[in-house]
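Asker: Going line by line, the protein sequences match chains A and B. Position 33 of the first sequence, counting from 1, maps to 33 under this note's numbering, and the rest follow consecutively. In this note's numbering, each residue carries its 1-based index in the second sequence increased by 1000.
These are calculated hints, taken from the structure and not from any lab test. Where hints are given, some of them may not hold.
[Claimed, not checked] Pairwise CB distance ranges (calculated): (1) A:Val201 / B:Thr1013: 31 to 41 Å; (2) B:Gly1212 / A:Ala64: 33 to 43 Å; (3) B:Asp1068 / A:Ala158: 44 to 54 Å; (4) A:Thr3 / B:Ala1176: 58 to 68 Å.
Where a beta carbon is used, it is the ideal one built from N, C-alpha and C, also for glycine.
2 protein chains.
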Amino acid sequence: MSTERQAMVRSWTTNADAWTAVVRDGLIPSRRAGTDAAILAAVRACGPRTVLDVGCGEGWLLRALAADGITVTGTDVSPELVRAAAAAGTPDVHAASYGDLLHAPALARGPFDVVVCNFALLDDDVQTPLAAMRARTAEHGALLVQTVHPWAAHGDGAYRSGWRTETFDSFGRSFAESMPWYYRTMSSWLAEITRANLRLVHIDEPLHPETGRPLSLLLHCTIA
Amino acid sequence: MSTERQAMVRSWTTNADAWTAVVRDGLIPSRRAGTDAAILAAVRACGPRTVLDVGCGEGWLLRALAADGITVTGTDVSPELVRAAAAAGTPDVHAASYGDLLHAPALARGPFDVVVCNFALLDDDVQTPLAAMRARTAEHGALLVQTVHPWAAHGDGAYRSGWRTETFDSFGRSFAESMPWYYRTMSSWLAEITRANLRLVHIDEPLHPETGRPLSLLLHCTIA
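Next comes chain A alone, as it looks inside the complex:
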């Protein structure tokens, strides 16, 4: 496992309490501005009976979908976040890395009408999670990924995929550890989707209601 990946996975455990608090207190500006609403709308538009949320964190999306009457299942690499999700009322939630999911097909088996991954593809290897998600998607189901918008996030640097560091400074609460994450260009996302034998049906680019700039990239895929 790369140094960056180790640090990333470790940060989810170290920061579990801080993360749970900022999500529940609505302290992440982009989520409040539209990305929570965007992923909810995208899932609901599929009209699913069953949803798997891979990288579910403390479980807010599972709870919102369960309130719609949808049968929900979640997984997350952090046992602390999985405990937080279970304690908040979602029984079917499992601590599992993407590698665990890929190599243990019986875990959160499905297939699910929608498999969703909301801001949780942060590694340079997205083939492992995409393959694990694809294997759990129903034949005519959808695989939805919301992620950092390639254009909003690259800043003043060159437009090139590579590791970056999230300090969480804008979240208004102290995080013990910064988190490495892998920035991807649009061409890189499309290449990864094609390589994973998925078909990109459309994308959404939810906009910030005030700045008019994209808040995120939402990839709507089917099994190719």
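Given the coordinates of chain A, assemble chain B onto it according to the supplied hints.
Answerer: Coordinates of chain B only, in the frame set by chain A:
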């Protein structure tokens, strides 16, 4: 025909001489910086025997591909630019609007191994040209579109599709008329491609060698 479309088409005739001169003198910074090389490389990577260039202008791409031994055909809405292309050594080049192409299947009939459109989808209606191009693409052929990069071009305004105005001020030569053109977001491009019954295989985002920012968006499609 909308006011913007009329003004756009008219500008190609009014500006034909100035346009021919800036292309031939290499006065368009982004083209020199990489977009000419990018479209040439993309076409060559397909290894075509035959190529149709829709919106060929004064014909530089046709000449470059003919020099490779490829059989080339061109079309452009401007009779003046078509004359310039023919005079520069490309015999099989035709004055035709996108509507003409769509409604006259015998014109530049093909099918072609590659159908290319280099910075020539500037209208709010891209379904007409995409349908005309699709009808001329060989079964296992490719349809290549190079266009303005949605993230490089939107400026400080909101990220929203709509009409803009090109003044040609950066081209270092005077153009008699500015040109309306329709700016598209990334999601809009993908939606149009899907609607045209095409499949996006991959995208290229050639970068400026100094700034590292995207110079263009190059869409590589096949018949869905």
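Asker: For the range 44 to 54 Å, tell me whether the beta carbons of aspartate 1068 of chain B and alanine 158 of chain A fit it or not.
Answerer: At roughly 31 Å between Cβ atoms, alanine 158 of chain A and aspartate 1068 of chain B fall outside 44 to 54 Å, so the hint is violated.
Asker: In this structure, is the beta-carbon distance linking glycine 1212 of chain B and alanine 64 of chain A contained in 33 to 43 Å?
Answerer: For glycine 1212 of chain B and alanine 64 of chain A the Cβ distance comes to about 39 Å; the hint holds.
Asker: Would you say the C-beta atoms of threonine 3 of chain A and alanine 1176 of chain B sit inside 58 to 68 Å of each other?
Answerer: holds, 59 Å
Asker: Please test the hint of 31 to 41 Å on the beta carbon pair from valine 201 of chain A and threonine 1013 of chain B.
Answerer: holds, 40 Å
When each numbered hint is compared with the structure, a violation occurs for hint 3 only.
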